[in-house]
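Visitor: Residue strings, one per chain:
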Amino acid sequence: MIEGRPDELHQQFDEVWGNPRGWRAATIVNHTRIGLLFLLTGLGFFIFGGLLAMLIRAQLALPDQAFMDADTYNQVFTMHGTVMMFLFAVPMMEGLAVYLIPKMLGARDLVFPRLSALGYWCYLFGGLILAASLFLELAPDAGWFMYTPLSSLPYSPGVNSDFWLLGITFVEISAVTAAVELVVAILRARAPGMTLQRMPLYAWYILTMAMMIVLGFPPLILGSILLELERAAGMAFFDVARGGDPILWQHLFWLFGHPEVYIIFLPAAGLVSTMLPVFARRPIVGYRWVVVAVLTTGFISFALWVHHMFTVGIPHLAQAFFSAASMLVAIPTGVQVFSWLATLWLGRPVYHVPMLWLFGFLVIFVAGGLTGVMLALVPFNWQVHDTQFVVAHLHYVLVGGMFFPLVAAVYYWLPHFSGRMPSPRLGRWGFWLVFGGFNLTFLVMHWTGLLGMPRRAYTYAPGLGWDTPNLVSSIGSFIMAIGIATVLVDVLLHFRFGVRAAPNPWHADTLEWATRLPPTAYNFISLPSVDSRYPLWDRPDLVKEMARGEQGLAAIAHGRRETWGTDAVTGEVREIIHLPGNTWLPFAVALVLSAVCIGLLVKAYAVASVAIVAAAILVLRWSWENGAYEEGGTAVPISAGDPPLHWRTHNGPGRWGMGVTLLADGALYAALLFGWFYLWTVAPQWQMPAQSPLDARGMLANALLLSAATLWLRRVLAALRRGSDKGLRGQLAAIAALGLLQSAHLLWLTYASDLAPKATAHDAVIAVVLGYALFHCVLAGVATGLQAWRAHYGYVDRAAPYEPIVLGQLWYYNFGVVWSAYVALVLFPSTWGGG
Amino acid sequence: MTWLYHPLQIPLGLIVWGVWFIALYSGLSVGCAVAPPDAAAGPWNWLNVVLGGASLATVALLLGLSALCWRASRRVGQNERAKRFIARVGASVHLVAALATLFIALPIVGLPPCV
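Residue numbers (the UniProt record's numbering), protein chains in the order written: chain S, 1 to 835; chain U, 1 to 115.
I should point out that these hints are in silico values taken from the structure, not numbers from a laboratory.
Any given hint could be a false lead.
[To be verified] Examples of chain U residues toward chain S, derived with CB under 7 Å: (1) Trp3; (2) Pro7; (3) Leu14; (4) Gly27; (5) Ser29; (6) Ala33; (7) Ala35; (8) Trp70; (9) Val89; (10) Ser92; (11) Leu111.
[Unchecked claim] Every beta carbon over 10 Å from chain U, so not counted as near; a handful from chain S, in silico: (12) Arg21; (13) Arg288; (14) Trp289; (15) Val291; (16) Ala318; (17) Ala325; (18) His507; (19) Asp509; (20) Ile617; (21) Gly723; (22) Asp754; (23) Gly794; (24) Arg798; (25) Ser820; (26) Ala824.
Only a predicted model underlies this, so the values are computations on that prediction, with no experimental measurement involved.
Glycine included, C-beta positions come from ideal geometry on N, C-alpha and C.
The following block holds chain S by itself, in its conformation from the complex (with noise of 0.2 Å):
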């Protein structure tokens, strides 16, 4: 629908999408301005590791330097690690998502925009503690995968280990954030007709690492967790003289690090397969195989994690299974590889400077991963476990994997960014300097580590061969910063000096290039129709159909923030979702739980609790922000003819937040399973009791508590279902208060088991499911109060059913957890030798 001119709706539209300037700026919750702010800020920390790196390659750049101390060159190859990895190799690329996947997909935003400023902020404070331990002389020196024991307390007393623990996790909880928020924005947010087989390939990519980030990061939580506990609180997780073990650890972490390398590499892998065709002129060759292989890419790389773990000591059949798989996965991405040639071979390519990247790209990555099959064989394994040659695959694979791609999307993108194209003189040089660089030091760097040179050495003694090699390795190393220096000034200048940029100015096939350059807050002013794969090459006329308000949701006088919601796979329009605009929310909470961290990190407790009170409260506060709030319930108006707003819907993108969400929560509640039924069956010393400490009949009694409030609150869900709102305030109240009892009664639970969580490992692992389930159900329950209010004032009734539908899975969930902890906690050990 047209309201009036274009230009006219153009203001109409800034009003209400406009961003803010000054300290307001940190309010806004829009995804152009979120996804620009992750990546400025992974550049800031890229080159902060960088330095870190320089530091690393001065150090041993000959034997016998004294130019750093071990204890500052393990704090300094520690902090070189995590930054890489966590501030950002992950964050780049789920920011370059939040910017480029709603405009991909026609969205207006990404589904849960104040989710994104959230995940942004958390990662910004989070980083910033993380990097300020550096400056203070107490960076965490465990290496960035902080083994145990040599992250324990005995052996790390400082809170070195502490600042990796408690920023790590908060870092994470940005990127957990950002994967829920794309995994449903990419799935209920499309352009009405994209339907799976016409989505982006970008998108599947995404959608991809975005689950598997949900699936993997969660055991690194949990694992960070336990071992902040064992620190802090003096709990037993991976103290073998208490039952515990630290291979743990090692399980726990792997099983976030390994799949860490894919979703680092899919992502880059997706910009590849946007830009490749894009310069060969033509579709991507294998569109479905593309898929198929990403899919098995990204769930094979589950099953690698022990082939970090190959001389711990695990069985050989075990091994062979993971070398097996190791050795499985090149398959999947050799798919792709081939898709990619196969693409060049019959399209007509033009060289730009991101072809360039893309070449380097494509010859250092594929090298990176040949040697990542040599290491998937147990025997080479072995010889070369713990040395340079690791070091090198490593960065063949994350830098070739990532890196290079990820310029090649910067140069590609630099028009979106500044309305300006790139120059390819400055473009050209950066590239030969940064490739000539990087194969220097990292192909010599391979011979270093056959020669024996371990990793993680601060220096060697001369004459053992490894002079050499280090001195062209840390050449090489400056040659490749001087080349990353040559790629920033060419950005920076090009601010200045670019020429501007046409519209769609690489002849691009997908819609981001349909907004103006650079992009308006709200991407474009109507959201089109899709019926092909390639929108702007088979209907070249659509951008300005779109600029001319010409298709679907062009109206803005009623002042919401909306985009489409759409099915799943036909991509059928099913609501419009109403999204929120910008708020101080997500900083607060940000800033309130950083206080939590540094609350935690310099052992004041009470701050921290506080902080977590108010934390509480914020999010409370949130949460009554949503759906009809501040709008009088049914009154809300919407233009003839169209769908209903998401919140009076049964099935809007909140539902599939939650599940996501859930989805999240499983995966470390599974992976807290697996350390308890781990230890059980492996650790060297697990002690179990004759008698179990639990209260069988009172866990039992606590379980059938709980089953009675959910079910009660199924009848409800299903009553609001059918259109029935009687008695709902009451009946939520009286679940809330039914959960409520049951927390407490679980809380007297935990208390008279007289469990010693300090003693053993066995108590403390119970000691934490129980504390995981109470949370929840404290949760439910509280939630569950905050929706009976929401029905006494009128914002939830059968008009809008939506927030006791989508709290229904918390329940559904708690339900899961509650009789899956009394199975395995009380069931099993009465049944497995256990009291």
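Position chain U relative to chain S; hints supplied.
Guide: Quick look at chain U alone, frame taken from chain S:
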């Protein structure tokens, strides 16, 4: 047979593979902890037979699902491309998962389990 066109078909094969892989690794660990077979007996012992049998059953299941999906993809009309896409990707993923299962399970026939 509408379930063959459900979007869950797309990752289903790999989910089955994932469940099988977890069962394989944890089954091996628990088996070795509870009743480790004699290493001198080589690969032919109760634990390898159980793991191998479960793996073959998984391969058969995945191949069967792949065939069903492929047939389903040939039944859809020209105006049901979304359905065909799901069924074909599902068939491919099931096939890939079957091959992955077979490949990873191969060492069972050559190595004793708990050494």
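Visitor: Just pull the numbers of the violated hints for me, sorted ascending.
Guide: 1, 4, 7, 8, 13, 14, 15, 16 and 17
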